[in-house]
Amino acid sequence: MKKLVVNHGNIKLSYQLLRKMKLTILLLITSVLSCFSAETYSQITKLNVVENNTTLLNIIRTIENQSEFNFFYNEKVNIDRTVSIDMTNKSIYEILDKVLANSTVKYKVIGRQIALYDKNEMEPFLLEVDQDRNISGKVADKSGAPLAGVNVVVTGTTQGTVTDITGNYSIDIPSGSKSLTFSFVGMVPQEIIIGPLTQINVTMVESAIGLNEVVVVGYGTQTKKDVTGSVSQVKTDKLTDFPVSQFSQKLQGQVAGVQINQATGIPGQGMNVRIRGAASINAGNEPLYVVDGFPITGTINDINPDEIESISVLKDASASSLYGSRAANGVVLISTKKGVQGKTKVQFSAYKGLQVVPQKGRPDMMNAQEFAQFQKEYREDQAIFQGTTIPIPSEYQDPSAWAGKGTNWYDVLLRKANIENYSLSLTANKDNLMTSAILGYFNQDGVVINTNFKRLSLRINTEYKINDKLKVGINLAPNLTTDITNGTDGVLWGGGIIQNAILTSPIAPYINDDGTLPLTATSPGLFPNPNWYRVAKERTWNSKSVRVLTNAFIDYEIIKNLHFRSSINGEFGTRKTNFFIPSTSGYIFDPPPRRTEASITTNTYYSWLNENTLTYANTIGGKHNFDVLAGYTAQQYKNPYEYMYGRGFPNDQIKTLNAATVYNLTEDYNEWTLLSFVGRVNYNFNRKYFLSAAIRRDGSSRFGSNNKWGNFPSVSAGWLVSDESFFPQTTALSYLKLRASYGLTGNNNIGNYTYYAAVANTNYVFNSVLSSGKSTTSLGNTDLGWETTAQTDFGLELGLIKDRIFLTYDYYQKTTSDMLYQVNVPQSSGYSSIYTNIGEFKFWGHEFTLTSKNFIGELKWTTDFNITFAKNKVMKLGTQNAPLGGQYDNPSITQVGSPIGMLHGFVFDGIYENQAEFDAAPHHATSAVGTVRYKDISGPNGAPDGIIDNYDTQIIGNPNPKFIFGITNSLSYKNIDLNVVISGSYGNDIMNRTLEYTQNLDAVFNVTKDVAKRWRSPENPGDGLHPTTNTGTPLARYDNSRWVSDGSYLTVKNITLGYILPFKNSAYFEKMRIYCSIQQALVLTKYNGANPEVSSNGSSALYQGIDFTAYPVPRTFTFGVNLNF
Amino acid sequence: MKNKIFILGVIALLATACSKSFLDVPPETFISSSTFFKTEADYEQAVSGAYQSLRDLYGDAYAMGEMRSDNTDYNFKTNDRGGQNIEREDIAGFVDNSSNMFSNGKYYACYRGISRCNAILDRIDGSSISADANSNLGGQTKFLRAFFYFELVQYYGDVPLYVKEVTTQAGTALPRSPKADVYNQIIKDATDAASQLPAVQTEKGRVTQGSAKMLLGYIYMTLQDYAKAETALKDVTTLGYDLMPNYADIFRTANKNNMESIFEVQCMQGTQGVQSNWTYVFIPALINTYVITGKSGNNQSFGGWNIPSFDLIAAYEPGDLRKAGSITNGYTDAGGTFVPSPFTNKFLNPHIEFNNCDDDWIVYRYADALLLLAECLNEETKSSEALPYLNKVRTRAGLANITETNQVALRVIIAKERRVELAFENHRWLDLVRTGKAIEVMSAYGVQIKLRNSYLLSRTYNVTADKLIFPIPFNELLISPLLTQNSGY
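Heads up: the sequence lines are chains A and B, in that order.
Counting from 1, position 613 in the first sequence corresponds to residue 613 in our numbering; the numbering is continuous, with no gaps.
Counting from 1, position 482 in the second sequence corresponds to residue 10482 in our numbering; the numbering is continuous, with no gaps.
Just so you know, the hints here were simulated from the structure itself, not pulled from any lab data.
Treat the numbers as computed from the prediction; the structure is a model and nothing was measured.
Backbone N, C-alpha and C fix where the C-beta goes; we use that ideal spot for every residue, glycine too.
Incorrect hints may appear among the rest.
[Claimed, not checked] DSS-like cross-link-like pairs, simulated, lysine-lysine; straight-line CA separation at most 27 Å:
#1 A/Lys1009 - B/Lys10077
#2 A/Lys655 - B/Lys10295
#3 A/Lys655 - A/Lys853
#4 B/Lys10437 - B/Lys10179
#5 B/Lys10038 - B/Lys10204
#6 B/Lys10077 - A/Lys376
#7 A/Lys860 - A/Lys802
#8 B/Lys10188 - B/Lys10164
#9 B/Lys10234 - B/Lys10188
[Unchecked claim] Distance ranges between label pairs, derived from CB positions:
#10 B/Gln10485 - A/Tyr986: 42 to 52 Å
#11 A/Asp668 - B/Ser10021: 53 to 63 Å
#12 B/Thr10464 - A/Gly946: 13 to 23 Å
#13 B/Gln10448 - A/Gly946: 30 to 40 Å
#14 A/Gln653 - B/Gln10485: 53 to 63 Å
Based on the provided sequences and hints, a complete structural model is requested.
Here it is, written out as structure tokens:
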């Protein structure tokens, strides 16, 4: 028997509906399909109701929970009346007689329906009606505005329709239909009993934070109320209008505890996602991405965000432990769009926009005149310093001649760029076949010339119900992406085009007066440089990726509530990168003409996963609800890789490798396998006390031969305090749930063959012939295992003012130990390091998520706010606890007792402004008057020794934010909607390593404008920040605190303003919405670089907060349209 | 239907389950040590791998072997003060510290080689390979281990002594052993090598009995055990080596492993990763090297090192044929103008591609053996016996015979002869140290060079006894508490 899920809210609505029909009596209808005769049920059902000083409403709830009874009543019945009752094993009649004694309320039991009515009203009566007929009506929201697109389904079937733009619907119902279910995103679903009606008008109300919302969890779903782990689910419907290529860009600022930074603006790249500060030394920090149950092995960035329906972030161990050895960094479950109950729907959406690089954050380099002045002064100062005459090249002799001339190399690389996206989706659900198909095309030109990202994607999800017991499904999602990246980011010697370009002489032209392009760009005293405009424009660096994700499953109900499900999942991906550097291009120190080179890289991967699970769910004794999962899975991954390189091209005309005369080939192959057993028991008593236990046992090819298998258990519990009888029933405090969890998860990203002692090719030559050589080049470790994270989580969920304000709070504490650690060993052993499991990091934090429905009338305003305070500390490292990094030339240090990846270097203490100051202060061997002064921190004996050297470096900044936050405001008024998403970070430092070059005093680069204020003589000491050019910059180039600045930021990520056009009954479409949106609308930060989210070392926690120059993140203006047919 | 589903499920389980081999995924693109060291071919490859460490060792060996001495210098790059430049200048100016990538690089390269030798020597006696192979391959390996330790002990003093393969983390750290213990191991290995190795190897480039004897000669010379040195070096003279008639021909790539060559690090140009490039390091830093090497390319970031010093140029006697075969005064630029910028032309050979050369590195050659023997005999006060060996070398250089038999005077002559004969071949610094002349010679040289080059800071060329050896790498001390640093660093 299916129990109608009817809550307090919709009973009242039923009432409102009926009242609208001007009935002064209540109509109750029972179905003729009931298994028991109506009277039998009420007579045989025995109930236990023991409540003290509670309300009538609570008694009603208790009875509804224990039985299949449903209560109906109107406002004349005082449900807040206080009653006490102590009856066990009694019939409904006995209980109601007792409860309603001494009141004016009477009751009538008709089958499973119980009507409560005032004794002064007419007694309800029963109607039985049953025939095929048509029902129509109108659906509106609370303000009376029609709701389009509401699903109207005959309950328990796939038969349904959706409301049109005017909110009207019409549906043919077969005989035996009991009720209609109305559902709409963000609204409380309603089940209305059909009875004798032919017209049913419904008022939908916004769901109170959706406690009945279905949350996707590992290996299943749960209602939000039942979840005992820390799971954040994001529905993508609010995020659809973001003009971005990657779903993680949409998630920025949406989920407490999840830090998402866009480290670079390269189209289609650059997102770093860290859940609860996850950090590892070598094993990566990225979460595991699971798409429709399949842990994918390729990049998540290829997936069209429009295909995604919801995203669940599994944060604590109890939520994620079913993913075992891969779950330590958190798990992100992605559910793609499925066909929904209702009629066939076709949707088309499109946007087109323009991206521009904001002025703020652009490097403030000298212009041609300032640069010529600087070069002139440099030589004048050198002449004074050395006491010799130094000729000044003609280019620099008259700086004023350069006024208004020259090249702004940053601007030369930039452009305004187009972005566009088209998405066509079709969903159908008919004859037990549910289909959804989404076709997408995305095209983004980069704001740096010769960069682009394109994606053509298709997803088809189908599910077919063969009969009541057997269901099969097939999903297929191929996509094709192409990108042009061109090596824009990073430091100059790494070839980063942007940094190289800004350091190039502004007096060198990028284009000649006759329109031809110079090969090189330099001026006297500077390094040989190619013309970076040509490098950016003429170099080929293209990738084409094909990726197919597919899965098929069968679900068979062996006996009632016992399901066997088996799935086969496949992933195929290949990425081919073509690189070609013509003779007209080059690198710093290696300008054209140089040799032409080309390469092709092919990286292919295949992965399959077979999962077999048994699930059983049941309720015993009315109150003991449980479900059990047991399963077995196997996954295999293969990754062949080929690299072909050629040079010796006769010219630049043919760019393919066949024109090369000298070749190099590399081939590599990676494989891993994983066998796992999973098990879980969820139990709750009366949906008030919840317990859950789960375990995964993983066997992995990556683990050392002595350590193949690992167990990852977890337990969690929840208590719905607000359902207790002692809990005060006030509207101010309407919901309170407490939960706690503990569990273990692992991180197996330790490399596929790391435990082997590798014997590598170390070839030599004898007799002028290559002699194959082999040497053991790494130390093996057969004990090598996964990293383990033990995590405890305490959560609290609080609903205020009838759940209009909903607060979720989590405290977590986790300890990652047995970290895969490349312990440095003395190189006199012949090896530089050994991989072992050692060390310990501790993480803890507080996460708050607040959702507030500020206005729920005609003007709707919802605010979602989340803030996360996360901390971490290094507890243990290698055997000697030797720090990671922290040499005098290393900007990062990870050491015991401090947070991970602290910024490290000398402490800037000004400039030795004169001889007296120089004599009085400690100095370095290269120090002189006018050079940079650092603090004397320590010496070989642990105390300051008056000498500046390697011992004088220390922690100079903390790249870990004190808190991160996100605020989303959604407003709508009639046809207008407005959505503003803000995300931010506070208290983190950034080291702008670009300053090593952009403020270099060797006069070999262009420099920032403030270098003009450098020390030139004791009489002209400048701003006390920039040292003299006389001695070059030996010490000023080392990492120091002057490069560190506050990286806090608040970014208005997206503003979208939409308008639903007031068409009525259009023959062509149901609904048309137009919108405009600004992405990356505003960045408030004190950081002096381009992007406060920068991380030149990607997601590495050990080397975070370091800026080596990156692709600018553009501001994007778009105009879009959504059409529903 | 129900049964079919179950059968399908069971098949799916069986297909993947319970097979232990499913989780055994050995690497396919490399082998692991547990599957290596089985066949004779494996041992041959392992020995080639040990030789490969020599290539690491000789890439930058000029910095400590020559630039530290009065032989060579560098072209100062005013505008490129990157660490890789400064650290070579520091070595030349005696202001290097324990973080110097060049002195650290030699230390690491030697130990990589030693580790490879240990892996072979630990197993070879218990292996099934033939006795001949065991003797020859084992002999080559022992030579290499002795050679690497000899480099270490000369350049760093006391060093950790690893004679077994390291397989565990615990085994990676050892304290420094006294020099005497290290020398005992070196002598043992070199002596074994001399007895195990054939006089001639089928494949050129492999070390021979002569290589081992030469090594022994050097070892005993360094230990000032002249009698044993004399025996070893005289043995070398009986093994069929002779001088190439023309000095410059020794270094031509057409004459690799010639009759004068005793021990030569092998290189081969091309894409197989075994080429050499010191030619491009030793010429001036140029936007386009075509004017010198005939191949276009830019060596500004790595050229201009190991440049002949004013002092070396002056050291050649008039008429010395070796000067033209060692040093050129400059080059003619693309515009046809001669640019006076001396550099060594010893390694200037035809090659196919920019920065990809075919030059071998000759470590020991017969002229070196003859001069070392002359030095030995002179130290044994058999000065007149020394003269024929000395004069054989001088004769080829087109110089008159020496007749001086005063030990002190002859010592100076032999030292000068070694300097010019072996210039740029990484012998000068160790010769100065061995003969106890380093402080005196380098202090005087420092005064001169500082007068010439205003960019040299006053603290440079402060040559003290501490500076006769190099520091243990800073990071090694950071990792291992068992280690101590050399004084002065």
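These are the hints, each one checked on the structure:
Proposed proximity of A/Lys1009 and B/Lys10077 is supported: the alpha carbons are some 26 Å apart, at most 27 Å. For a cut-off of 27 Å, the pair hint linking A/Lys655 to B/Lys10295 stands: about 22 Å separates their Cα positions. A distance of roughly 59 Å separates the Cα atoms of A/Lys655 and A/Lys853; the hinted pair therefore is violated under the 27 Å criterion. Between B/Lys10437 and B/Lys10179 the alpha-carbon distance is near 21 Å, which keeps this suggested pair within the 27 Å criterion.
For a cut-off of 27 Å, the pair hint linking B/Lys10038 to B/Lys10204 stands: about 25 Å separates their Cα positions. Distance check on the hinted pair: B/Lys10077 and A/Lys376 sit about 19 Å apart at the alpha-carbon level, within 27 Å; holds. Between A/Lys860 and A/Lys802, the direct Cα distance comes to roughly 16 Å. Compliance with the 27 Å bound is thereby established for this hinted pair. About 15 Å separates the Cα atoms of B/Lys10188 and B/Lys10164, which keeps this hinted pair within 27 Å; it holds.
Distance restraint check for B/Lys10234 and B/Lys10188: the Cα-Cα separation of roughly 19 Å lies within the 27 Å cut-off, and the hinted pair is therefore satisfied. Roughly 44 Å separates the CB atoms of B/Gln10485 and A/Tyr986, a value that falls within the hinted 42 to 52 Å. At about 23 Å, the beta-carbon gap between A/Asp668 and B/Ser10021 misses the expected band of 53 to 63 Å. For B/Thr10464 paired with A/Gly946, a C-beta distance near 21 Å keeps the hint of 13 to 23 Å intact.
The hinted range of 30 to 40 Å is satisfied by B/Gln10448 and A/Gly946, whose Cβ atoms lie roughly 32 Å apart. Checked against the hint of 53 to 63 Å, the pair A/Gln653 and B/Gln10485 passes, with Cβ atoms roughly 58 Å apart.
The structure fails to meet hints 3, 11 from the earlier list, while all remaining hints are met.
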